[in-house]
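Chains as they are written, first to last, in the working numbering: chain A, 1 to 197; chain B, 1001 to 1296.
Note that these hints are calculated values from the structure, not bench results. One should not assume that every hint holds.
Stated by the list, open to error - In silico lysine-lysine, BS3-like type, Cα no more than 27 Å apart, as pairs: (1) Lys7(A) with Lys1005(B); (2) Lys1005(B) with Lys6(A); (3) Lys1083(B) with Lys6(A); (4) Lys7(A) with Lys1083(B); (5) Lys1275(B) with Lys7(A); (6) Lys110(A) with Lys135(A); (7) Lys1005(B) with Lys110(A); (8) Lys1139(B) with Lys6(A); (9) Lys3(A) with Lys1083(B); (10) Lys3(A) with Lys1275(B); (11) Lys137(A) with Lys1005(B); (12) Lys1076(B) with Lys3(A); (13) Lys184(A) with Lys1005(B).
Listed below, chain by chain, are the residues.
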Amino acid sequence: MAKMSKKWVALCSAAIATVYAAGLYTTESQASLDLLPRMAEAGRPLAAAPTQGGSGQYKDSQADKATKKASHDHTAEEPTKTVRPAIPTPTKAASGTLQETKVVSQKPSKYNDGIYSGFGSNRRGSIEVNVTIRKDKITDVEISRFGMSYSESDVVGLPGEVLRKQGAKVRNVSGATYSTRAFKEAVQDALSQARNA
Amino acid sequence: MRRTKLYMDTVVDIQVIPGSTASLEEVEAAINRAFAAFQKVEQACSRFNPDSELMQAIQTIRTPVPISAELFEPLKFAWEVAKGTDGAFDPTVGRKLEMHGFSRDYLTGWEMDTRSADASATYRDVVLNARGRTLLLNKPLVIDLGAVAKGFAIDLAARELQSFSGFLINAGGDLYAGGLNETGEPWEIGIQHPGQSDEVVDILRLTNAAICTSGSYERPSEQTPGIHHLIDPRTGVSPKEWLSCSVIAPFAMMADACSTTAYILGADRGIEFLKGMELQGMIITSDLGIERIGGI
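Generate the whole structure from the sequences, applying the supplied hints.
Written out as structure tokens, the structure is:
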């Protein structure tokens, strides 16, 4: 399996080189960084059951998909980027329809463009975020202050293992991906200020 | 310089030790490019946003769809891992994840629900063609790139920071340590204690290497008891033998895929896998025992 390991390392290296080279053709304007249209939504509960057809912008119809693509096309495309078909070819799937990904959502409210600060806190400390909103979409979330602390106490004993004492705070930790739940409050706080009342 | 932003439902923290020759503007610009890599990968690979390139592409069945390099390359690597592990690692686990509630966009709260997806689909139902850079689905299915996309973004970001004396990219616990830290030594990385998030079970020293941790303790399913976000694609069940598996590799995308694979394989087969791949790793078992691999 050592051979497979070397192969994977080579693939990773090539993957990075390929994307990096492709990226060199894009201009680095601020506009090109607004790639993912994420609707700003002020923490309302989701509908309990999915609604047919959806009330939000993301409907299933082909016309809508084509329209959506046109309006959300990125600026600053690579010259080599191929054009996707505007309307996907229908398939012969059992249900006779295209695969549908329904999005269960509420209709988003209107927000004013700008950068807004929001605050949140949990048992570990406080967070301040700066949320950038452009055309009702969150384009950026930066954490401006991160007042969370790690304790300095001894590690709890583990069977068959030597205890490791921490002399100083370990600032860089590898662990299973912790969710961004703690930041949601801060992001919602920022959004609430952006709302066009 | 240190900055922190949110991408891919993850806190992405970047520290740079500039060294004497870099100007503040250069460092700032490089960090912006590093974050831009996360944005691009998220836009291409997100399973949670209907506008992502991936979610748009999988709407088409039985016709090849041309896609960007940012989407093709992680797909290609993921498929290589799927083939090499005989499907223990399989990105088509996406629909199963959706069904257990791992379906919500972290910023908007919207839920993805791909009803027509065939939950029995496997990686064999997908064909990638390098010539046209196309993706072909032979069945309706949902692709989850969660085990490669973050690592890929980290690697792309790392490339932007290589000219500096040291840097550390920490994306929610998956890290790349470049060069040396502020005291001129390899970076000190703690392995999170599964039960107590404020504690670490060990401290490792890394330079020019990535470490990724797959674990059950942070993201349980809110819908299905006994399920967390790591699901064995072959059985539909979440493994229970280990609390976490941390793997060190030259690239984050590789560490990411290997920690996921080892975790899914579990007990003996996972350790065998890591040894065969000649990687270093650390496993925390469900009874809080530690297994060290590769002389770590």
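How the hints compare with the structure:
{"no.": "1", "hint": "Lys7(A) with Lys1005(B)", "verdict": "violated, 33 Å"}
{"no.": "2", "hint": "Lys1005(B) with Lys6(A)", "verdict": "violated, 33 Å"}
{"no.": "3", "hint": "Lys1083(B) with Lys6(A)", "verdict": "holds, 15 Å"}
{"no.": "4", "hint": "Lys7(A) with Lys1083(B)", "verdict": "holds, 13 Å"}
{"no.": "5", "hint": "Lys1275(B) with Lys7(A)", "verdict": "holds, 16 Å"}
{"no.": "6", "hint": "Lys110(A) with Lys135(A)", "verdict": "holds, 9 Å"}
{"no.": "7", "hint": "Lys1005(B) with Lys110(A)", "verdict": "holds, 24 Å"}
{"no.": "8", "hint": "Lys1139(B) with Lys6(A)", "verdict": "violated, 32 Å"}
{"no.": "9", "hint": "Lys3(A) with Lys1083(B)", "verdict": "holds, 14 Å"}
{"no.": "10", "hint": "Lys3(A) with Lys1275(B)", "verdict": "holds, 12 Å"}
{"no.": "11", "hint": "Lys137(A) with Lys1005(B)", "verdict": "holds, 16 Å"}
{"no.": "12", "hint": "Lys1076(B) with Lys3(A)", "verdict": "holds, 18 Å"}
{"no.": "13", "hint": "Lys184(A) with Lys1005(B)", "verdict": "holds, 13 Å"}
Hint compliance for this structure: hints 1, 2, 8 are not met, and every other hint is.
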